[in-house]
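Asks: With the hints as a guide, bring the two chains together.
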Amino acid sequence: MKVALVGLGSVGRGVAEVILKKDLGLTITGIADSKSGLINNSGIDIAEVLAAKKKNGQCGKPGVTAADIVAKAEYDALIEVTPTNALSGEPATGYIRAALNRKKHVVTSNKGPVALYYKELRALAQKNGVAFRYEATVAGAIPIMHTLEHGLAGNEILALYGVLNGTCNFILTRMADEGLTYEQALMEAREMGYAEADPTYDVQGIDAAIKLVILANTIWGNSAKLEDVERTGIDLLTADALRLAEEEGCTIRLIAEAIPRKNLMRVSPRILEKSHPLVTQGTLNALTLETDMAKEITLIGRGAGSVETASAIIGDLLYIRERYVQRA
Amino acid sequence: MAIYYLKGGYVQVSMKLEMKDSPGQLVAALKPISDVGGNIIAVIHQREPDQDKKTLNVQIVLELPEGRLDNLIAILKGQGIHIQRIGKERLLYKRTVIIIGHLMHTDLSDTVGQIDSTGFAEVCELSMSMPAINERSSSRITIKALSKDDMESALAILRKISQQKSLLMIEPLEDIA
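Here the protein sequences line up with chains L and P, keeping their order. For what it's worth, numbering that gives the first Met the number 0 labels the leading residue of the first sequence as 0, then goes sequentially. For what it's worth, numbering that gives the first Met the number 0 labels the leading residue of the second sequence as 0, then goes sequentially.
Hints are supplied without guarantee of correctness; some may be wrong.
[Said to hold, decoys possible] Stretches of chain L that chain P covers, calculated by requiring three or more beta carbons in the stretch to come under 8 angstroms of a beta carbon on chain P:
hint, stretch
1, 238-244
2, 247-256
3, 264-270
[Stated by the list, open to error] When the alpha-carbon atoms are kept at most 30 angstroms apart in a straight line, the in silico BS3-like pairs for lysine-lysine are as follows:
hint, chain 1, residue 1, chain 2, residue 2
4, P, K164, L, K294
5, P, K164, L, K261
6, P, K159, L, K273
7, P, K147, L, K273
8, P, K164, L, K224
9, L, K34, L, K20
[What the hints assert, rightly or not] Label-pair restraints from in silico Cβ distances:
hint, chain 1, residue 1, chain 2, residue 2, range
10, L, N154, P, S146, 23 to 33 angstroms
11, L, G153, P, H81, 20 to 30 angstroms
12, P, K159, L, W219, 25 to 35 angstroms
13, P, N70, L, G150, 12 to 22 angstroms
14, P, E134, L, E247, 18 to 28 angstroms
15, L, I258, P, D109, 26 to 36 angstroms
16, L, Q280, P, K19, 21 to 31 angstroms
17, P, D109, L, N84, 41 to 51 angstroms
Please keep in mind that the hints were generated in silico from the structure rather than gathered at the bench. Every residue, glycine too, gets a C-beta built ideally from N, C-alpha and C.
Just chain P, same shape as in the assembly (with noise of 0.2 angstroms):
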């Protein structure tokens, strides 16, 4: 079970919930996050078709006091809530950026660690081509980041970068409205 500790005694965990597909299902279980002390940070609420039972799958991130969390199981298995995964997909969002120029000469891992220790967004994938020696590299970069806001502060934190580093950061057209 994957548990991040953050400031102020809370801990955060994510985790994936199956239930009834009823009506009143998902608040019944929403509710004794609360009751616990706990604040939601994200709900991804998804059907899945080629299921034969009706259940509904419900990914949740939270944030609770620590000492919390067995409380708050508990509460959720009584009311028939099964489980499936706790505290694995804690990284919701996912952003592709291409990063052009001396990524090596520039120090790639203090790159890749500025973003990875800001404790809300890591570097999950890199793809890089290096042409020649003293040619510009080219390179993909794929970051998670817990919210849309720690996404904007990640990216930020790139951009500024890749200023300082002389490097060009090709940033996706966002979704638009």
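This is chain L alone, in the form it adopts within the complex (with noise of 0.2 angstroms):
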């Protein structure tokens, strides 16, 4: 099968890394970073590409750009792993448009364009026959959106909890093993390269909360939006807090919850059990759901990372071209 590849940032390049190194039956026919682009329509050697972005930090030509590869190269799917812009969901959102209105399926791990404009691209895919995924939106490695659409298939899901934000529960984690300030744990968290300069979007919930948004729309299809959560953040606890909660034998955690039985969606820091399966170490990510036939069911994993949500992408195309190609 053959795939464009939009973005060569940390994500972009474990895809790429990936495609390389496991013998998938992906070939790279288009590849484009923020400065530069390449097309070659019998397959682009990656190593070569890779090193070239390396080298100088670019893949290919000047003046070839992401929508010049969406527009032009021939591919059977587009995987779009540009910047998440939460606001506008651009420029991704174009480049997906561009390529369901080609009939090209579209794996992405942009969260802007889907927790946006999830049913008007649900339904430009379904017009032109073909799929928009987009697991690696949602906790990184974990498969929540194959294990809801197969695994869980004709269950009623009731609720869902989770830990949707690695940086948060690192933060948690070390505030409460070893007593640490929020102030000590988020600047430890930056050393890690767990958190950006700007942690406004971690800590306060945003991120956790755009993904709820795309989980409630996937599972419930409700047209949910990044308003209609109540959302508190970490960033106002104190290390007495946790260990107030410590002496109880609980812990806290940043919880993302959904319940449409009342009507709620909401994140915010919440008092658990330390024996709980949402109390996840370090960055983890972890997801309960509620479910009529299947009951409770936890799903425990990493949230982010380079190889990581590969996994995650190159699941998607590996079901598309399982679903649509190879019986064209």
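Replies: Written out as structure tokens, the structure is:
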């Protein structure tokens, strides 16, 4: 199957490396970063491109843009992994629309377009008879969308609870384990590369809320929006609060929850017993689904990382090949 | 004996009963409650495995019209049911929350008082740490309430107070399902 790759940051490089290393039957025909691009319909030499990117920061010819790749390269599926803009969803949404209109499948790790335009993009994909898949947008390597779509097919999902932001989980783990203040734990998260220079998006629960919106729209099709999520972050927590929880055999975690019967979508720090399955350590993510037949199911795994996120993207691509491309 | 006087001439009582662990005993013990015009609010049923005797311990919370309690006790005793305790563990539901903020400056005794004055819930434990005069303090507050609904009402009051007084209230994750 031929794929085009737009975005060559950590996730894009992870995808390219995996395609290069593993014999998955995937050929990259178009590739673009923010400054350059390259098209070769008989297959790009990935090793060469990755070396060039490492050496001079560019993957191809200057002047060839991501939009050119999306519009002109020959491919079955577009891998859209450009940086997320949660407010506008651009330029990613434009690339996705253009590919779907060309009747190309799309796989993305980009939360912006899915949180903002899910209904439209899904309808556009359906109209064109192609797939729009976004496993990598929520909880990194955890196959939550595949689990919902296949493993739990026929189940009614009654509620979901999740630890969806690794940065917050790391900070809370360090505060609990070492008695660090919020500021100290945040500084450590930055040093480890888990937190951005401006951590607002993570620590105020916005990232977790966006993922909750994506999950809610996928499961219940209820056109949920970011504004519908009640949100409290972790930036006002104290080391004493963690200690007071600890004295009772408990700890505090940032939990995203959606319970349709209570008309509730909320991200907030919560007290949990330390033995609770959602109490994961470090940057690990976790999700509990409450369903009518399977009852409770909890998935735990890595929520971020280059190859970990690539795992989710490759899963979507191989599903598309199985479902659509081979038959054609 | 602790008896709580409610509106409309009813009293609320909790009692711990011990009876033979044989079929029909529990139903037989509960029936006289409605016979005297009472309502059962909660039944907590526990077998104590370390006991040699084959007995069943049941804790009951009920409301009944004032003046009928002696009558009920007599009926229960007549059926061979042993009343171990009356009226002590009235508040059966317990929840712990953590509240962060300027608790003292925002009148802690008013915060606690608003829960205690409900009549259906009370603050039974409070741990607090105050790092420095102008820094936010952290507290762990345990509330007991009569029923699950009463607990929800008590937490709703505390949520409202937290919002008014700019406190951060951290609640437990509810039991799933």
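Asks: Each hint needs a verdict: does it hold in this structure or not?
Replies: Each hint tested on the structure:
no. : hint                                : verdict
1   : 238-244                             : holds (count 5)
2   : 247-256                             : holds (count 5)
3   : 264-270                             : holds (count 4)
4   : K164/P x K294/L                     : 39 angstroms, violated
5   : K164/P x K261/L                     : 26 angstroms, holds
6   : K159/P x K273/L                     : 28 angstroms, holds
7   : K147/P x K273/L                     : 23 angstroms, holds
8   : K164/P x K224/L                     : 29 angstroms, holds
9   : K34/L x K20/L                       : 25 angstroms, holds
10  : N154/L x S146/P: 23 to 33 angstroms : 32 angstroms, holds
11  : G153/L x H81/P: 20 to 30 angstroms  : 52 angstroms, violated
12  : K159/P x W219/L: 25 to 35 angstroms : 29 angstroms, holds
13  : N70/P x G150/L: 12 to 22 angstroms  : 59 angstroms, violated
14  : E134/P x E247/L: 18 to 28 angstroms : 23 angstroms, holds
15  : I258/L x D109/P: 26 to 36 angstroms : 32 angstroms, holds
16  : Q280/L x K19/P: 21 to 31 angstroms  : 50 angstroms, violated
17  : D109/P x N84/L: 41 to 51 angstroms  : 46 angstroms, holds
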